[in-house]
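Trainee: Each chain, written out:
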Amino acid sequence: MKKDIELRINGAPYRLSVEPGRTLLQVLREDLGLTGTKEGCASGECGACTVLLDGEPVRSCLILAVDARGQEIMTIEGVAENGKPHKIQQAFIDFGAIQCGFCTPGMILVAKALLEKAPQPGEEEIRKAISGNLCRCTGYVKIIKAIEAASQPWYFVSKKG
Amino acid sequence: MENFEYFEPKTVQEACTLLTQSENGKVLAGGASLVVLLKNKLIFPDRLINLKTIEGLNRIELNPQGELSIGALCRHRDIESSPVIQERFEILAEAASKISSPPIRNMGTIGGGICHADPSADFPPALIALEARLKVSGSKRSRTIPIHEFFTDYYETVLEPDEILTEILIPPLPSPSGGVYLKLDKTTNSVAILGIGAVISLDKKENCTFAGLGVGGAAPTPLAIKEVSSLAGKPVDIHSIEAVASAAVKQSHPISNVHASEDYRREMVGVLVKRALKQALERAGKKVTSS
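Chains S and P are the protein sequences, given in the same order.
By the count of the numbering used here, the first sequence reaches residue 161 at its end, each step adding exactly one.
By the count of the numbering used here, the second sequence reaches residue 291 at its end, each step adding exactly one.
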């Protein structure tokens, strides 16, 4: 039997009627058309479906949509600020940290949660933070470099110059 | 996965009653294990009962006697980052920090992890070493179960269909004590091939007053190695550690699977038990003597 719920996604409220067995990932992609969140392994191993729940990275493929009520959900669609890429997104572009792009939304969200907790993380901390996100193109070095750069206060200044 | 009724009880009693009225209802905590089972059609519950709407099941409290109480809905992340656990029960923070990946640790709960009863789970060996007790509520009665009596087989426990784990109780650890959780795995986030939890307490004369040892991944259930109690009452030396390690190897009856062979696991039980007991002793402030 369907259940009426309200989800807060990227700051906006969404009223939905969902079967309790549907995952947050299914609702995001299929009901709301927010296809930036990807389905990879669908069993919590790969990190492609990562979203932020109250600022913390979680697997949307293992969360029932009915269970995500009352929390602030952020997907990759909510990361840009005023129509401009977030500086982590800009750094991913500048450093070539995107190859096929399938892992990118998850990587960027994990990086965003990390930089909010630890504004200038060391390489070890970055590696730990992204350890649950697989990049099948194996472009990890550039991803780490991009996150490191985005954490530097000088990063945007030099971009503008 | 669509054909179940979904409930959000407000009390444990209500949740137990909902379970009693169902044929094969399941309770949902973090979902990290349960949703995988649902999606792979390994379970077909008629009801899903979400425990997260019950207040008060996610507290970490130290009572004046030094006993620690962990609510069943505490997430791995909460335990890994709890100052009181880091300071007094390092072994638990260590086990929590080694579970799967960071996003899973933001979801999965200690209670869910215990009740899922995966023989390779990271918490049970540490909890066995600490002689934890599990507080369980049912529709008619409540009871407390020592953790070493909780697991019965692969993914099976003594829980009755109407029972819910609510709290994990850890007895006080005297000072100085040392605890360690060692995990043998292939990569940082992978499942444990073996997980060893070891705790040693000493008195002022550096005699051992308590020793606990749990081994995961070496049998259908996590093992409590009783022979570890032979370390108590005297200083710990390498010979007594070796005797405990061989007892642990004898008690192991692992399977071969894609992660490791039966022989390798059994061999490594001996190696890792020795290492874990030595490290626990070091963390209690004493080096193991070779004589």
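No wet-lab data here; the hints were simulated from the structure.
Computed from a predicted model, the values in this text were never measured in an experiment.
A virtual CB, placed ideally from N, CA and C, is assigned to each residue, including glycine.
Each hint should be verified, as a subset may be incorrect.
As the list claims (entries may be wrong) - Here are the in silico distance ranges between beta carbons for each label pair:
(1) S:Tyr14 x P:Glu149: 45 to 51 Å
(2) P:Pro174 x S:Asp54: 24 to 30 Å
(3) P:Lys204 x S:Cys41: 50 to 56 Å
(4) S:Thr35 x P:Lys41: 48 to 54 Å
(5) P:Pro64 x S:Ser17: 48 to 54 Å
(6) P:Gln21 x S:Val141: 52 to 58 Å
(7) P:Lys52 x S:Arg136: 47 to 53 Å
(8) S:Gly122 x P:Leu37: 34 to 40 Å
(9) S:Leu16 x P:Ser81: 42 to 48 Å
(10) S:Leu32 x P:Glu149: 46 to 52 Å
(11) S:Pro13 x P:Gly285: 51 to 57 Å
Trainee: Taking the hints in turn, state whether each one holds.
Mentor: Comparing the hints with the structure gives:
1. The hint said 45 to 51 Å for the Cβ distance between S:Tyr14 and P:Glu149, and at roughly 47 Å that hint holds.
2. Between P:Pro174 and S:Asp54 the beta carbons are some 38 Å apart, a value that contradicts the proposed interval 24 to 30 Å.
3. Between P:Lys204 and S:Cys41 the Cβ separation comes to about 53 Å, which falls inside the hinted range of 50 to 56 Å.
4. At roughly 25 Å, the beta carbons of S:Thr35 and P:Lys41 sit outside the given window of 48 to 54 Å.
5. Checking the proposed 48 to 54 Å range against P:Pro64 and S:Ser17 shows it holds: the Cβ atoms sit about 50 Å from each other.
6. Roughly 55 Å separates the CB atoms of P:Gln21 and S:Val141, a value that falls within the hinted 52 to 58 Å.
7. Distance hint for P:Lys52 and S:Arg136: a CB-CB separation of about 33 Å, inconsistent with the stated range 47 to 53 Å.
8. For S:Gly122 paired with P:Leu37, a C-beta distance near 38 Å keeps the hint of 34 to 40 Å intact.
9. Taken as a hint, the range 42 to 48 Å is violated for the pair S:Leu16 and P:Ser81, whose Cβ atoms sit roughly 33 Å apart.
10. Separation of S:Leu32 from P:Glu149 is about 47 Å and conforms to the stated range, judged on CB atoms against 46 to 52 Å.
11. Our hint of 51 to 57 Å for S:Pro13 and P:Gly285 holds, since their Cβ atoms are close to 56 Å apart.
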